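Chains as they are written, first to last, in the numbering used here: chain S, 1 to 350; chain U, 1 to 350; chain Y, 1 to 350; chain V, 1 to 350.
Note that these hints are calculated values from the structure, not bench results. All values reported here derive from a predicted model rather than from experimental measurement. A few of these clues could be false.
[As the list claims (entries may be wrong)] Covered by chain V, according to a simulated footprint, are these stretches of chain Y (three or more residues, beta-carbon under 8 Å):
1. 32-39
2. 100-106
3. 117-129
[To be verified] A short list of chain U residues far from chain S (calculated; beta carbon distances all over 12 Å):
4. 102
5. 123
6. 132
We treat Cβ as the ideally placed atom computed from N, Cα and C, and that holds for glycine.
Listed here are the chains, written in short residue letters.
4 protein chains.
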Amino acid sequence: MNFASDNTARIAAPILAALERANCGPAPAYGNDPLTAALEQRFSALFEREVAVFLVATGTAANALALAHLSPPWGAVFCHERAHIATDECGAPEFFGDGLKLVGLPGQDGKLAPAALSAALASGRGPPHAVRPALLSLTQATECGTVYTLAEIAALTDIARRARMAVHMDGARFANAVAALGCSPADITWRAGVDVLAFGATKGGALGAEAIVFFDPERARDMDMRRMRAGQLLSKHRFAAAQFDAFLADDLWLDLARHANGAARRLAAGLTAAGLAPLWPVEANEVFVRVPSGLDARLKAAGALYYAWPEALDADSPARPDSSVIRLVSSFTTTDEEVDNFIQLIRMPG
Amino acid sequence: MNFASDNTARIAAPILAALERANCGPAPAYGNDPLTAALEQRFSALFEREVAVFLVATGTAANALALAHLSPPWGAVFCHERAHIATDECGAPEFFGDGLKLVGLPGQDGKLAPAALSAALASGRGPPHAVRPALLSLTQATECGTVYTLAEIAALTDIARRARMAVHMDGARFANAVAALGCSPADITWRAGVDVLAFGATKGGALGAEAIVFFDPERARDMDMRRMRAGQLLSKHRFAAAQFDAFLADDLWLDLARHANGAARRLAAGLTAAGLAPLWPVEANEVFVRVPSGLDARLKAAGALYYAWPEALDADSPARPDSSVIRLVSSFTTTDEEVDNFIQLIRMPG
Amino acid sequence: MNFASDNTARIAAPILAALERANCGPAPAYGNDPLTAALEQRFSALFEREVAVFLVATGTAANALALAHLSPPWGAVFCHERAHIATDECGAPEFFGDGLKLVGLPGQDGKLAPAALSAALASGRGPPHAVRPALLSLTQATECGTVYTLAEIAALTDIARRARMAVHMDGARFANAVAALGCSPADITWRAGVDVLAFGATKGGALGAEAIVFFDPERARDMDMRRMRAGQLLSKHRFAAAQFDAFLADDLWLDLARHANGAARRLAAGLTAAGLAPLWPVEANEVFVRVPSGLDARLKAAGALYYAWPEALDADSPARPDSSVIRLVSSFTTTDEEVDNFIQLIRMPG
Amino acid sequence: MNFASDNTARIAAPILAALERANCGPAPAYGNDPLTAALEQRFSALFEREVAVFLVATGTAANALALAHLSPPWGAVFCHERAHIATDECGAPEFFGDGLKLVGLPGQDGKLAPAALSAALASGRGPPHAVRPALLSLTQATECGTVYTLAEIAALTDIARRARMAVHMDGARFANAVAALGCSPADITWRAGVDVLAFGATKGGALGAEAIVFFDPERARDMDMRRMRAGQLLSKHRFAAAQFDAFLADDLWLDLARHANGAARRLAAGLTAAGLAPLWPVEANEVFVRVPSGLDARLKAAGALYYAWPEALDADSPARPDSSVIRLVSSFTTTDEEVDNFIQLIRMPG
């Protein structure tokens, strides 16, 4: 019963197999190999337009490099106040961006509220005293396990566009979002106004591979230099390319995500039936639920693994002394049995 | 009727005279001159302990260098959400601090609320995902024209100390605060838990001189290197020292601040009598008041100079379509006549 | 006949096998897994003392993070003028180090000359005008395929110690150096005055795994924060640990390096016999040789892969119009047949 | 007999008078005042084209901000190995430039040699491994007291232009150079291929005022943001503008520089007559001469002030145990009497 995170999962079998296949004779280093070239074409096909792709080792690097590339150091990046880039990356966006400023904004269900964005843009002193609005960053799926609809994204990117800001999407769980929406990757990104996507494969089943996808290759100019000096140009690059290629081939990424999403829905249904309705709609592979302290202790004692969710500043769900909010994450490896065992534990008399 | 800012004022006569006196034969550059040595002694006497002092050209540099020196790049600096360092310095703290993170917190009357600080410290993921709480930054006098009492400062620095954070004070209007409180500079700084003070003379009457004061000289180690590479070591340093020396001599700084504070009180009284009570207590040299749009237009037409106050995100005083909040700043040059003319304008039938 | 670089090689079989073994059930992310714990113990055993180890994705990151951790932003890092950190990392040391300064110094055979280091330390204005000498960086094996002896390292680190500088070793090819010297890893590092080692496994046979090894764990304090914000904390960390563990187990790293070194010696012998003596002693897995333009063209036409060596600023070997210096790198995959075919090509009448 | 530096001098009388004149009623802060507007026009007139001007507090800031604005963080800035930006600014260019790289090149008489620049451009690995050549920085007058001729500048900027690099001029002693050449400021800057000039007034006679002059205003875009976040936007900006305005008015800057240059020539003549010929041509206001240790001690004992010149790495003049190279700097305040007294001291029997 491991619901700690989707990055506790192993490598998906087809991805490991791809690594093994790639492990033949010599290949040019630093991305000059045929596998990388093929992957770039696959990305362009997937997104139905020519894109510029840069693989890196971690999601934090993918986000931070993308933000740094589209914001000047004196830029403001607007994001949800619970966004991973704001709370979990130890200041990487500020570091890579030479001191750019993240501005966290509120919004229900982990979704940035258009009114909050508009209000933030309307306030503030002008240049050169205030930093300049440069980027809107959306997390898809969100940190609360919800998924922005196409209309919700378009409403936000429209505000950004009018303020001459670019749009970044943190897609650490992009696969879960696309699987949930059932839309095309193109529709939910550039057609909806997104300029750059940090597309994660690691949480979805890779060993470690993240892609920065620029939908306008012109905006990617010099990104090779930025990636290199950030220590993110992998020398045996073919193995990163092989992972991502296998992830995208034959819709593996969507199959794995559908599995994880399904496990989360099964969890949510079981919890609701047990009288513990999730805090936010369960649309991807994360479930948040408030559990009484006694139950929390009992679950842990039985070996269930998950994290408490920081809640002190959470307007949707203020902290209470006798209970806590927990986060349950499913992955492509989560089995029905694991879920059912967990629900059974919950339903057991305390 | 110029209430735009205290930095629109000229140089106070005794400070200009000091510049003229300092303009004699050659003197060693870069702070190795006798005037600078004397100033350092004066600072130590003023604060009743040995301090380490670094003069710089602007308040933004003073704040940003102080923060950078006491926070690692992965540190969080907690400040009021309206703090100058957060809203008006174009990301200087993040730049000088190699990407440190400012965390804006709410609080009435421009004063950071202890509960908000405690809540912020209690939330957040642990290291290495979340940045580490490193600094508390207090603005004295605040951006709202109020002044922290000794007890209020001690309550906040106590929380900081228990969380192993250092404490910075933005004293661009430190003189106004000390004049208002009538306390000793030592009491309101290091005796109340402050580690470093950005002590401004420019708004108070200098041409341009700001001091970074470390109350524990040991914590200032290498600050000379940091200042130099930031382009803030003035070559003809004696002229900055001369300004500050004259500012501090014979309590000039307090006399000038008392004058400015008095003008603000006169403004506040006149406004209140005219039915326009200030939004926040007028304790230093700034007055904030909501004025109907018609009056706003009339005042401007009559030549009154002041700025509108960004209010869109202001919980204390939400934006309204038919009025706006204006900021009136007095200085050592503000005359009773200016104030009275302004009040008279306000009382005129519209 | 691929002598382009050792990073064009595949993954060594035992390392791939270790990845496959590690690919079982869930494991804690971010290095909190048992494999990582075991690896840390293995490193301490290997170096005969408690060390602090941080795995990262690339050698550039390993070097840059290590340098940034031991130098203030106003520090000078002295290195050979041909050092990888100075010429091939696109400014990563300066980026990670918030603007620290690399100072390239001359020295024969790719080895920094003690006299050049002493001279550099003796020159320069004092603080705060000049940056402060903070680090000595040695590359072992060097960029010229030579290996510092213990005595050579000790002579340099002794100068560094007297100048209160720390010592970094770029060990992208540390395995080749240790294999060549036949000494213990402890002797050639901390016992010889090295404070931090960037220990590479990628060129030696891994998919991608580099270790930053601090010989005094106290100096590694907060390195977890620095690594995280640099986007170098791998979420599925167990797979990096598994690679390095297999690399170190049963002296695999030395066996692979010995193979590569042997291939280089075979190359050198063949070249010398053909009248093309290498430019510098062949002590590790790189061979540098000047070839006439005609031969160069013929080799390439026959499918031999290698890079030209930038030589314009090279005092040891000034550029000539009718020839060029080429670099031949062997790896654990280089076969005798490959080498012999290459030598045969060279000996063929032009 | 103070020849320590031209920044030990006082404020020139017409500049102090301008400060006094500017010290009247209120004026808009942050450069929105009439004096600043007038100064901008004066600069455009002086340079015979529309320029964009940004005043800052120090020469280090002027240089570092200019370099940072015209080089990406992954850029290389080529300069003379003795350039102030490389040796005396404590890493400010790297700090402001987010880690850009300075590449010091040799050249006689403090002048960068075209062949050295060409060689440096021809070497190096390509992108993304090597940093990209971005800027050429020339110091005029040089650190050795010499002055580039128009032809020398054009030869270097021509190489830069062909390599798509921009050109920066460190003009801390620009006045001395223009006075020496007797040319127009336009001829020696943009007409000769210079893109940005750091034009110093402080050494020439101001209290503290330095100008960054962009000859193509388009390239200055966002410089206001960069200056602000660097803590270099002076709030009482009118006083910086007043200084520079007086400096430029009625050719004061050239008159003061001619005086300083004349004093240096008088020094050089006296030294030469005494058998101590200067090391490099004396073309501006600095004289470098090797003096026996005994004389050095005697001069100091007699109260002469000057600095030793770091020479350990100096190919033109290698260090010798029984003598040292000293630097003598004259300023607008240097009197014939001071010079003659100094020469007399030298000629006295030891």
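Of the hints given before, which are not true for this structure? As far as the earlier hints go, 1, 4, 5, 6 are violated by this structure, in ascending order.
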